[in-house]
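Novice: For the protein sequence lines, the chains are A and B, in the order given.
Per the numbering used here, the first sequence starts with residue 1, numbered consecutively.
Per the numbering used here, the second sequence starts with residue 1001, numbered consecutively.
Worth flagging that the hints you see were computed from the coordinates, not collected in a lab.
Note that this is a predicted model, so its numbers are computed, not measured.
In this text, a Cβ means the ideal position worked out from N, Cα and C, and glycines have one as well.
Heads up, some of the hints might be wrong.
Straight-line alpha carbon distances no greater than 30 Å define the calculated DSS-like cross-link-like pairs of lysine-lysine that follow [to be verified]:
(1) A:Lys18 <-> B:Lys1113
(2) B:Lys1609 <-> B:Lys1113
(3) B:Lys1461 <-> A:Lys42
(4) B:Lys1609 <-> A:Lys18
(5) A:Lys18 <-> B:Lys1463
(6) B:Lys1566 <-> A:Lys2
(7) A:Lys52 <-> B:Lys1463
(8) B:Lys1461 <-> A:Lys76
(9) A:Lys18 <-> B:Lys1300
(10) B:Lys1257 <-> A:Lys76
A short, non-exhaustive set of chain A residues, derived as facing chain B with CB atoms under 7 Å [stated by the list, open to error]:
(11) Gly66
(12) Val69
(13) Met75
(14) Phe87
Letter by letter, the chains look like this.
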Amino acid sequence: MKVVIELFGLARYLVGRKEIRVDLPEGATLRDVVARLASQTKELIGQVIDGKRMELIEPYSLNINGQYVARDLSMKVNEDDRILLLFTAVGG
Amino acid sequence: MFGYTGNVLYVDLTVGKSKVEHISEELCKKYLGGVGLATRLLYDLNPPNVDPLSPDNTLVFALGAFAGTVVPTGSKHGIAAKSPLTGFIGDSLASSFWSQALRRAGYDAVAIKGRAENPTYLFIDDNIVQFRDAKHLWGKGCLETDNLVKEEIGDETTSVSSIGPAGETLVRFACITNDRTRQAGRTGLGAVMGSKNLKAVAVRGTKAVQVAKLDEIMELCLDLYEKCQGTATEKYRILGTPSNVLVLNRLAALPTKNWQQATFEAAEKVSGEYMLEHYVSRISACSSCPIACEHICTVKDGPYAGSVAPIDYESLYALGPDCYIDYFPAIIKAAELCDHYGMDTISTGGVIAWAMECYEKGLFHKNDLDGLELNFGNHEAYVQLIHQIALRKGIGNLLAEGVKRASEKLGKGSEEFAMHIKGLELPGYDIRGLKTTALGLAIATRGGCHNRSPSYEPDVKGKVDRFKAVKGQGKLAMEQEDFAAIFDSLILCKFIRGVFKDFYAEASKLYTLTTGIEITAQELKKTGERICNLKKIFNIREGWTRKDDHLPQRVMKDPIPYGVAKGAFVTEAEFDFLLSDYYEARGWDEHGIPSKQKLIELELEDLAKDIEVR
């Protein structure tokens, strides 16, 4: 199952890419997405991803297809989902 | 007193006199400082229904409780007057050295009324207040004025707050600039200053600022300074707020082409990422700020070579996508001109975007525009137009009135795409697909504003479904508004908000250690509510009714055409529901009027006589 993780702001700046495509097994959750992202982009560990807990560091969050923000990482992902890695403290 | 000095300087420009009066600890605790204190002083000093550009409209500068101390981001001041743009409460904030200087000079606030016969600047030199001739400064830009005043005083440590030519010509969205690059940008307070023939307020302060518990404050602040280097402020430090461009574009919430679209095809070219790579020449900070969000951009070549301006998201949105400008050097040039003339970048971009739509719809012709071809995206024309607005030349005279008045005067249906709330041009969040934000902007007392009512947080953080209007969003909008009122009155920069784990508990401790005034987290929270109610009562006294909490027609009629929010808009029924939900959460009646019981609860019962309460 292929999903795309879109990077913005600092994450994009650190990784140097706009998006990352990952292949995940059926039934994969957002936690799997974060783990895969961590394994492919070491630059994000400590800045965006808590490498020990395999969770996003506050205030980062995941938005699914630009429609809604994931409440927790146990949510299952679907084929062709586009997952937006966002810094959610907007304003300024 | 600690932190505070307990002194307010009252200035009457008509007679050229000043006096000092004391304010009580009780008043300080009730309104904190900044916007809260400035609004209360203004409320007491202004007669109702005053013409905003008349001598009777008082201009109040009030410091936050932390100005002049080590509290990170605390050196800020609030300014309030009746707004010439909205006709309601006008309040704006600015950072840096001016607030420190005023506190060291021995004051918590300065209230200025009257009108000087000739251009004048004030020099507050500790206890001495001088009224100085400013004829030679009239017509000068903000930066030049700052330099000339310092040169005249002969002391670089003097801090200057001034207006540019736009304030002098009474552009209704003129700002007040201090310390060369900081602006109290919104609601046209620069025009109020210009109407008083007041070019600048220079301050030199040499006294020490006393705090109640120095050692404990140092410990707390060192911890905050350290946290300010963490992930909570990373966005502001590295890319700056322009990193919002791509995020909002992806969410179809980036107002583009005068809000005809919520996505911008050329978003990458005006993104924070692109800006950092090509134009940022240095990153700067306000005084006492460890975050340093100000990304100063320089144009190295091309037609705008040599232009320099700090660029933040709101300026970028208004002068970029909203005008369909994708040429970054032109945005830097436009921001530089706004800074020179002393004009709010958001309102400037907003009114030009409206004029561009008028031009494309055939409501303005080339002849009306001194030959300018004002198509969307024509950066040469828009740069030219900024000069005309500031100097009120040609069509600029109409646009200097702001988009509300300009559209009412032009008519021909142009009101339908005049993007303002209460007359204030809108910030860069397309609220058709952010419904809590839509409510927040509609109810904001100073007009459509993300800073006074930052209700985008629940929408963007996913606390609610951003596309829906449901019960509870009123309470969320209220909480965000109260929260912002505390930041704007203490004052702390909102960019530090993420470093607090328990904001009200930590901020109340910081306040007590600084001022020696005991305040609990609960009391502090209540203070936010009090300040929001005070501002509302100010507006009611000026004639506010429920219909003034409105949304632009485009937000309620034209769905977002492209992107992930395609089809989104706010229906009349949704908006009505949200508004009632908010009033209910506030404890106000269906007309938006606070009850007597609410006023008693907030210790504002002395204001009940000014409004019809039940």
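Novice: With a cut-off of 30 Å on the C-alpha distance, tell me whether B:Lys1609 and A:Lys18 pass.
Specialist: violated (59 Å)
Novice: Does A:Lys42 lie within 30 Å of B:Lys1461 when you go C-alpha to C-alpha?
Specialist: holds (25 Å)
Novice: Holds or violated: A:Lys18 and B:Lys1300, Cα atoms, limit 30 Å.
Specialist: Roughly 27 Å separates the two Cα atoms, so the pair holds.
Novice: For B:Lys1257 and A:Lys76, compute the direct alpha-carbon distance and say whether it is at most 30 Å.
Specialist: Measuring from Cα to Cα gives roughly 37 Å; hence the hint is violated.
Novice: Go through the hint on A:Gly66 and say holds or violated, using the shortest Cβ distance to chain B against 7 Å.
Specialist: holds (3 Å)
Novice: Given a cut of 7 Å on the nearest C-beta pair, is the interface hint for A:Met75 held or broken against chain B?
Specialist: Violated: closest Cβ of chain B sits about 12 Å from A:Met75, beyond 7 Å.
Novice: Would the stated hint for A:Phe87 survive a check requiring a Cβ distance to chain B of less than 7 Å?
Specialist: holds (5 Å)
Novice: Do the alpha carbons of A:Lys18 and B:Lys1113 lie within 30 Å of each other, as the hint requires?
Specialist: Distance of about 54 Å is beyond 30 Å: violated.
Novice: With chain B as the partner, please determine if A:Val69 meets the hint condition of a C-beta pair closer than 7 Å.
Specialist: Given a least distance of 2 Å, the restraint on A:Val69 holds.
Novice: Are the Cα atoms of B:Lys1609 and B:Lys1113 separated by 30 Å or less?
Specialist: Satisfied, since the Cα-Cα distance of roughly 24 Å is no more than 30 Å.
Novice: Check whether the Cα positions of A:Lys18 and B:Lys1463 lie no farther apart than 30 Å.
Specialist: holds (26 Å)
Novice: Hey, B:Lys1566 versus A:Lys2, does the alpha-carbon distance stay inside 30 Å?
Specialist: Holds, because 25 Å separates the two Cα atoms, which is no more than 30 Å.
Hint violations for this structure: numbers 1, 4, 10 and 13, all remaining hints satisfied.
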